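*Asks:* Model the full structure from these sequences, guided by the hints.
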Amino acid sequence: MGYGSYSHAAHEAITSARASLPRQAVFKQTACHPLMNPSGVRFRESRDSATHPASIGVVFALDVTGSMGEIPDQIARRELPAFMTSLMDCGVRDPQVLFMAVGDAYSDKAPLQVGQFESEAEKMDQWLTWSFLEGRGGALGSESYELALYFAARHTDMDCFRKRGERGYLFMTGDESPYPRVSRQQVKALIGDELDDDLPVEVIIQEVQRSFEPFFLIPDQKRRARCERGWRDLMGDNVICMEDPADTCTVAAGLVALCEGAAADLDALARRLEASGMGRKRLGGVMRALTPFAATRGLAGGWPRVEEAPVPDGTDGGGHHRP
Amino acid sequence: MLTALKCPNCAAPLPPSAETVTVCPYCAHTITGVPAVPWGSRLLREPWAGRAEDSGKQRVVVAGRPYVVLGRLGQGDGCDVFLGRLDARLTEMVALKVLRVADDADLLNREWEMLGRLSSSSARGADFFAGLLPQRVTHGRLVTAGRRDTRANVFRFRSGFHHTLSQVIRAYPKGIDPRAGVWMWKRALEMLGWVHASGYAHAAVIPDHLLLHPRDHGVTLVGWSAATRLGRPLVAGSSRARELYPDAVWRGAPPSPASDLTMLARSLLKALPPSLPSPLAGLLRRCADPTAAGRVDDAWALLEQVTDASRAAFGPPTYVPFHMPPRS
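Residue numbers (our numbering), protein chains in the order written: chain A, 1 to 323; chain B, 1001 to 1328.
Rather than coming from a laboratory, the hints here were simulated on the basis of the structure.
Model, not experiment: these values are computed from the prediction.
Zero decoy hints are in this set.
According to the in silico footprint, chain A covers these stretches of chain B (three or more CB under 8 Å from chain A):
id, stretch
1, 1061-1072
2, 1084-1094
3, 1144-1156
4, 1235-1245
5, 1248-1261
Note that the Cβ used here is the ideal one computed from N, Cα and C, for glycine as well.
*Replies:* See below:
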C-alpha cells in the first residue's frame, strides 16, 4: 500500500463538497468495514516506491467514542488537505497516513478499526470515512487505546524505520485513560495473536517507541483533568493538551515540523503559521499546546538560568518563621 | 510472556524480523511459518541508556521515578528548587522542590495538598487559573546516591516563566518601567482574585514567589506551602521577607485577601522606581498600608482601580515589551 500521489486540490474538492452534509452522510458505516477489521492482519505496510522514495509513516489513531467523534468528523470535512500540505511543508516529502479508529473493547462492537498506509488523497479519505463512528465507549473512564498502540507496535512495518532507521509518527486523540494492560483475550479475539499473558501498557508504550514517535492529543482544557496525569506518567511531554479539537491537524503538523527540524524553533513555526493566514487567537492556542513539548526539545526559546549545586539532604537548620 | 521466539532446531532466540521465512543466525536452520508476532517483547524494547548530554549529571529518584537534575533554579526558606527531567526517552521537564530544612517537611506536604484542593476549585475562571497553578507530578521520598534521603514535591516545568520578581529587582536596581509594573500587578491580581474566590489566601506573596513571563506578560504564583483557607491562622512566614508581611499576620493572625494584596503591593514597590506617576503611586501606597483609609480589599475590584490609574498615568493600554537584561 501507499503508492498513490497526494494532490491538495483533489482532496480540497472532496472535503469542501461535504462541508454541509450531516455526519451520517459522511461516515456511513453502521458496523466495522470488513477491510478495516484488524483480525488476522499480519502487517500494515508503509513502503517506498519510485514516486515516493522517502516515505514516512504517520498513524492517526482517533478515539471515536462519544464526543471524541467530532475529531474524525472535522478532519474529514476540513482539516486533512491542510494537514497534508503542512506535512510536506515540514519537509516530509512522502507522508503515508494510516487511520485507526479506537473505541472500547468492553462495550463496543468495533473497538479497533485499521485502515492502510496511503499516499493518495482519495484513498486516505476513503479509509477515514470508512471508520465506523460507533460513539459508545466505556463507562469506566478508560478506552482501549492500548490495543491501538499494540497494533502499531507489532503490526506495522514501515520502510522509514526498516531502511533508514527513522521513526514514523503516531498521533492518538483521546480524553480517557488507557486500560492498564493489553488483554490477551482481546488481542486474540480482535487481532488473532496468541499472547502468553496480558501486557502492561508501559511495555507496549516502550515497544511502540521503537518505530514511532508517539503523541497523545487531548482535545481541550475541560477534558484534560480526567486523563492528563495518567498519560503523562506514560508519555511525559509527548502528551499535548490542546485548547480546541479543531487544532488537531495543525498541532500534529507542528509536532512533525519540530521533530524533523523543518521549523528551527517554536517562534519560527509561529511565524510560518501566521504567514499562512492563521488568526491570532487560534495561533495562540496552537502555540500554548506545543510549548511544553518544544521546551523539552530546547525549541521554546531557551532555559531559565540555573546554577550548579548539589541536591540538599534535609539537614539544614533555620527554615520558616512559625508564629 | 517476555521471551523471544526460539529457533525450533537449536533453541537460539531469533532476532527481530518481519519475514515469514527466516534463517536462524546460530544454526542456519531455515524456519518457515514464523507467526505474525515474530519476536518477543524483550527484543522490541530498547534498553534506556540515558541521554548523552545528561552523563555526569546528578540523578535522584522521587517516589520511585528517576530524574536527571539540570541545575538549581533558586532557594527558599526551607527548600531548594531544581530544574530536572524524567530520565526516560519520553521525558517530562520538571521543577523539583527539595526539602533542605527537615523541620519544614510539614510545609512541603501542605503545599501538595493545597494545590490539590485549589486545582479542583470551581470558582469562576477555574479552567484558566487552575492551569496557571504549579501542576503536580509526584511527591515523596527523594533518594540520591551518597546522601541522606529527603523529601520533594515535583511539578511540571512551565516554559517561559523563567524569572522571579526577585531576579527582576536585582536586574533593575534603579527600578523597572512602571508600565511593566502595571501588567505584573494586574496579572497577579487576576490570579489572586480567583484564589480568594476559591476560599483561600496565598499568604506568601513575596518577590521569590512571583514568576514572570516577560514576553507574554504573564504572572503566576509559586510557593503555596503557607496557603490557608480563609479565616485560619498563618502557618509559616518567610524570614527573609519579614518586611512584606502585615504585622498582625506575621504574629499569627489569619491571612486574608487584604493581606495578600498588601504583600503584593509591597513586593511591587521593591521593583518600581521611587518616582511614579501620581495616580499609580497613590494607589500603590494605599495598598501597601494595611491601615490606609479607603483601600480596596477585593482583588478584582482593585484590578479596576489599577486599570483606571494606569489609564490616567499612561493613556490607553498598549503592549510595551519587557526584557530581562542578558545574564541576569
